[in-house]
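Turn these sequences into a full structure, and let the hints guide you.
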Amino acid sequence: MVEFSHLTKAYKKRVVVDDFTLSVDVPIFGFLGQNGAGKTTIMKVIVGLLAPTSGTITIDGSLASHPIFKKKIGYMPETPYFYEKMTGMEFLRFCDSLFEGGGNDQKHYESLLKKVGIYGARDFEIGTYSKGMRQRLGFAQALVNDPEYLFLDEPLDGLDPIGRREMKEVMLDLKKEGRRIFLNTHILYDVEEICDEVGIIHQGKLLYAGSVKAFCAGKPLEERFMEVVEEHEKQIADVAQTV
Amino acid sequence: MRNIFVIAKNTLKLEIRDKILYGIIIFGLLYIFFTLFLSDLVLKELPMVKSFGLTGIYFFNAIIALFLGTTSFFKDVDRKVVYFILSKPVSRAQFLLGKFFGLCMVLFFATVILSVAYLGLILYEHGGFDALGLLAIAMQFLEMALFLAFAIFVSTFSSSLLSIVYTSGVFFLGHVVSSLLSAAKQIGLGGIKLVLVEILYYVFPNLEKFDARDLAIHAVAMPFTEFALAVAYAAVYIILLLSAAIWIFEKKEI
Amino acid sequence: MAPIRSSSFSKSALVVFSLLLIVLLQYEYDATKMTLPSEASGSGVTPFMVRMADLGFSPAVASFLWTTTMPEILDLFNGHAEYLNDVAFVNAVDPNMSYPYAFSVLTLPAIPLKDFQGGLEDALAIGSQGLRSADPDWRIPYYMAMDYYLGLNDTKDALTYFDLAARTPGVPQFAERFSLNFGIGSNQRETTKELWITIRDSTNDEFTKARAQAYIDHLDDLDIIQAAAAQYKQAFGVYPTSTDELLARGILSAIPQDPFGFTFVINGDGTSGIDLNKLPSYILAQPAQ
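Protein chains in written order, with our numbering: chain A, 1 to 243; chain B, 1 to 254; chain C, 1 to 289.
What the hints contain is simulated information worked out from the structure, not anything from laboratory work. These figures come from a predicted structure and were not determined experimentally. For each residue, glycine too, the CB sits at the ideal point set by N, CA and C. It cannot be assumed that every hint is accurate.
Straight-line Cα separation of at most 27 Å, BS3-like style, residue types lysine-lysine; simulated pairs [stated by the list, open to error]:
1) B/Lys19 <-> A/Lys72
2) B/Lys75 <-> C/Lys156
3) C/Lys209 <-> B/Lys252
4) B/Lys80 <-> A/Lys71
5) B/Lys80 <-> A/Lys131
6) A/Lys131 <-> B/Lys75
7) A/Lys72 <-> B/Lys252
8) B/Lys75 <-> A/Lys85
9) B/Lys75 <-> A/Lys205
10) C/Lys278 <-> B/Lys251
11) A/Lys13 <-> B/Lys252
12) B/Lys13 <-> A/Lys114
13) B/Lys251 <-> A/Lys131
14) B/Lys80 <-> B/Lys251
15) B/Lys44 <-> A/Lys71
16) A/Lys205 <-> A/Lys107
17) A/Lys71 <-> B/Lys252
Chain B regions said to be covered by chain A (calculated; three or more residues, Cβ under 8 Å) [claimed, not checked]:
18) 10-18
19) 80-94
Laid out in structure tokens, this is it:
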């Protein structure tokens with residue numbers, strides 16, 4: 001279980017994540033929101049790339065900022081950047097070597113690369129990879145330490161329709177293996193397809209968290225999403241007027 | 001601790017694949033070859049040949065250190081490759097130190113290549129092993145390590161271009177600062193101005209002490225106290241620079 | 001990112017402590033630092049050169065400038081004296097570099113022009129400067145001795161400088177042997193001895209006195225051998241072929257001990273000399289070239 005408690009991240013005057021409180025205990029959770037809503041920032045705070053201005057995140061009851069948790073998690077950044085001169089296999093090995101006892105399991109890397117579908121390009125320089133291949137490699141390195149929790153930022157971005165299907169299959173397999181996945185996306189269709197629960201984020205605030213079906217209540221997700229966002233904007237406008 | 005070594009090894013592996021590095025090393029080797037020609041111009045006079053060789057190695061090492069120090073760390077952060085690394089159980093300090101030691105190893109690699117060429121040149125021309133020259137090269141390496149540490153420190157808060165400017169400036173000042181002080185004393189600068197120059201003298205990295213070239217060329221050995229003090233100075237200054245760099249890097253929003 | 005706890009304090013403490021340590025180390029270094037002995041040539045030193053020296057490039061710069069200066073010696077035949085200015089500049093950039101001095105001492109007097117006066121004077125002036133400032137280089141006193149002897153007929157100074165050359169570390173075998181035995185030829189011996197006696201008696205310096213005495217003893221020994229050889233001829237009608245025969249036949253009770261360790265020989269004409277095939281070990285330890 002992952003719990004967010006009054007998580008806030010502010011840069012100077014700009015508040016990017018605003019008093020974010022949430023409990024998640026489902027296999028696949030999606031953060032849904034427009035670009036710039038704060039999804040990436042939340043994820044960076046979880047994996048320790050950014051420090052929160054205030055608030056906490058706990059995983060299974062212990063603080064996520066504790067270094068021990070990095071062993072249990074896998075992270076895939078939005079638009080991953082690599083060392084261009086490394087090969088895919090070398091990169092995977094390098095990532096694994098950053099974990100204690102890692103860096104030696106050739107078979108494991110091979111099976112990961114096969115799973116994400118870039119086994120054939122494993123010995124080519126990443127500089128030659130297409131956008132789709134890079135996404136897949138990013139996915140693979142998130143799995144290299146056999147993590148319990150996965151945090152994926154726009155994992156399907158840049159993949160063609162077949163690629164998107166394949167990666168969704170992988171995520172469902174991971175769910176079957178008992179892992180927990182958090183993913184950021186702005187694609188409504190993906191949320192509908194694979195997420196157990198969704199968190200709607202708008203301008204740093206959590207507008208809704210819970211089951212996708214319950215949220216939709218018969219209407220298309222897109223329509224409901226727009227409704228919720230517009231209602232929120234109206235509320236802000238009202239508050240501004242009364243002040 | 002292990003992570004530092006992993007990152008260092010990876011840095012070494014990657015930078016060695018860099019064409020620019022190879023270009024510089026090849027230029028260095030060409031220069032040493034050119035020294036053969038210069039040697040004939042001075043009728044193979046040994047101190048002069050040594051001066052050409054050792055100064056060349058120093059110069060090329062400085063260029064390599066400047067290039068590596070101002071780009072390697074900065075690029076990793078700027079291009080967000082660090083996202084993969086820092087989301088794993090690797091602290092920012094470990095990453096920075098790993099980069100530093102990795103770059104030192106790359107520099108060592110380049111130094112060995114150029115040193116072998118230089119020693120070969122001296123052996124060929126005069127039939128002897130220039131041990132003092134090797135000591136001078138070792139002292140130069142120490143200076144370059146300090147140089148690298150400074151470059152990394154600066155690249156935690158500036159872009160590559162600015163880092164190059166700052167690092168070159170400090171390098172130049174580091175050599176000039178002691179004659180600045182004696183010039184100031186000579187012209188009778190007094191009071192607060194002298195104090196300011198003295199502060200500059202003590203705080204700025206004083207790079208003169210790593211110059212064993214002059215001694216090697218004139219076949220004089222460096223006294224042990226001087227050597228030990230120079231090593232200690234380099235070690236402390238490097239620790240200072242890297243600590244400051246880590247401090248800044250840990251606060252940095254990436 | 002780890003929360004900032006007391007690590008902030010310990011980091012600033014580390015910074016302050018390191019700065020103090022750096023100042024202390026620099027201070028210590030200055031106290032013990034050794035510098036190469038050198039005297040700047042005075043008027044030629046500009047701030048530019050001082051800066052060059054600081055970057056540690058001065059030997060290389062001097063060497064490089066020398067490559068362009070050396071050929072200028074030929075211009076002296078046309079009366080253009082740039083060489084003198086340029087060699088002074090080179091020597092100011094790196095006063096320890098010995099070759100420019102040595103080269104000047106050797107070549108300047110060889111330019112016999114009526115327009116270019118004082119080639120010899122300049123050579124000796126540059127040489128003296130080199131002796132003061134440059135790394136020990138046997139060539140400087142050696143060529144100076146030659147200049148004194150051949151150019152100025154000054155055997156006394158020649159002897160002094162040959163002695164200096166002989167004592168310079170790294171002097172090759174032939175030069176050391178020659179220097180120690182300059183003027184021992186039987187027809188010059190008396191003059192040489194007189195000059196050494198003058199040198200010995202006109203100085204208060206113990207080292208110079210002892211050194212001059214060594215030369216005097218060396219020459220005396222040669223005289224003793226020569227006189228003994230003459231005695232032998234008187235007695236046996238032929239000159240001895242080696243000093244052993246002098247001992248064997250009782251002309252001498254002992255072969256005099258040479259202060260320089262040379263072995264004496266007797267030449268065909270009865271004059272004494274040193275054995276060129278049996279050089280003392282300290283000379284053989286020197287480079288052959």
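Violations among the numbered hints: Failing hints, ascending: 1, 2, 3, 9, 10, 13, 15 and 16.
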